[in-house]
Amino acid sequence: MSVYFACYDEDQLSGKVSLRTEAIQRTKRGILDKNLIIDRIITSPLLVARAAAKEIAQTAGSDDVQIGVDERWLDFDIDALMYWLRNGWHGKSPRPERELRPLDKILTTIASAYEDAVRLPGVTLIISNSEVYKFLQAYIQRLSIDEVASLKGIKNGEIIEIVKGGIDE
70 MSVYFACYDE DQLSGKVSLR TEAIQRTKRG ILDKNLIIDR IITSPLLVAR
120 AAAKEIAQTA GSDDVQIGVD ERWLDFDIDA LMYWLRNGWH GKSPRPEREL
170 RPLDKILTTI ASAYEDAVRL PGVTLIISNS EVYKFLQAYI QRLSIDEVAS
220 LKGIKNGEII EIVKGGIDE
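Everything in the sequence shown is counted per this note's numbering, starting at 70 for the first residue and increasing by one.
The set of hints was computed from the structure by calculation and includes no laboratory data.
A quick note: this is a predicted structure, and the numbers were derived from the prediction, not measured.
Accuracy of the hints is not assured; some may be wrong.
Claimed, not checked - Straight-line alpha carbon distances no greater than 16 Å define the calculated EDC-like cross-link-like pairs of lysine to aspartate or glutamate that follow:
#1 K174 / E140
#2 K97 / E230
#3 K97 / D108
#4 K224 / E91
#5 K174 / E230
#6 K97 / D215
#7 K97 / E124
#8 K123 / D133
#9 K123 / D108
#10 K221 / E124
#11 K103 / D215
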């Protein structure tokens with residue numbers, strides 16, 4: 070019924086992956102401030118998102134918090150998506166051996182994951198990077214693909230409720 074989003078970025082292009090203590094603490098404080106009991110955590114395939122899910126699950130809900138990777142997100146090159154949004158590089162992947170999916174298909178994949186999460190009972194926390202968050206905002210606010218790059222992101226570890234009418238901070 071309720072869907073929340075927590076941002077954890079990593080830079081896979083440079084190979085830098087870190088799970089910052091302050092980001093984890095920010096998420097935990099946000100969960101406590103909102104009096105949330107998380108039933109499940111859905112992550113992107115990013116390493117830092119999965120590591121964050123394990124850390125957060127220990128303190129963020131009941132003993133049986135479900136953690137899972139949304140396999141649909143393996144369909145698109147998150148690295149290329151991150152690079153495109155940060156550098157405005159249209160249509161080319163930073164890894165030539167991997168084809169960059171059209172951005173509208175990426176938006177459809179992210180929207181589908183969100184709609185599935187909304188239908189689940191209880192509280193779902195989605196953990197991914199700020200680019201996925203921007204695409205989720207674009208879907209909910211019905212923005213064009215061209216408007217995605219100009220959207221404001223969120224801080225690492227920040228937790229925000231995602232509601233059908235928009236983002237509820």
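Here is how each hint holds up against the structure:
Annotation: proposed proximity of K174 to E140 holds, straight-line Cα distance about 15 Å (limit 16 Å). The straight-line distance between the Cα atoms of K97 and E230 is roughly 14 Å, inside the 16 Å bound, and the hint therefore holds. Our distance criterion of 16 Å between C-alpha atoms is met by K97 and D108, whose separation comes to about 15 Å. Among the hinted pairs, K224 with E91 is consistent with the structure: their alpha-carbon atoms are about 11 Å apart, no more than 16 Å.
For a cut-off of 16 Å, the pair hint linking K174 to E230 is broken: about 24 Å separates their Cα positions. Taking the CA atoms of K97 and D215, the gap is near 34 Å; set against the 16 Å cutoff, the hint is violated. Under the criterion of a C-alpha separation no larger than 16 Å, the hint pairing K97 with E124 is consistent with the structure, at around 9 Å. For a cut-off of 16 Å, the pair hint linking K123 to D133 stands: about 12 Å separates their Cα positions.
Restraint check: the Cα-Cα separation between K123 and D108 comes to about 13 Å, which is no more than 16 Å; the hinted pair holds. Between K221 and E124, the direct Cα distance comes to roughly 26 Å. Violation of the 16 Å bound is thereby established for this hinted pair. For a cut-off of 16 Å, the pair hint linking K103 to D215 is broken: about 33 Å separates their Cα positions.
Checked against the numbered hints above, the structure breaks hints 5, 6, 10, 11 and satisfies the rest.
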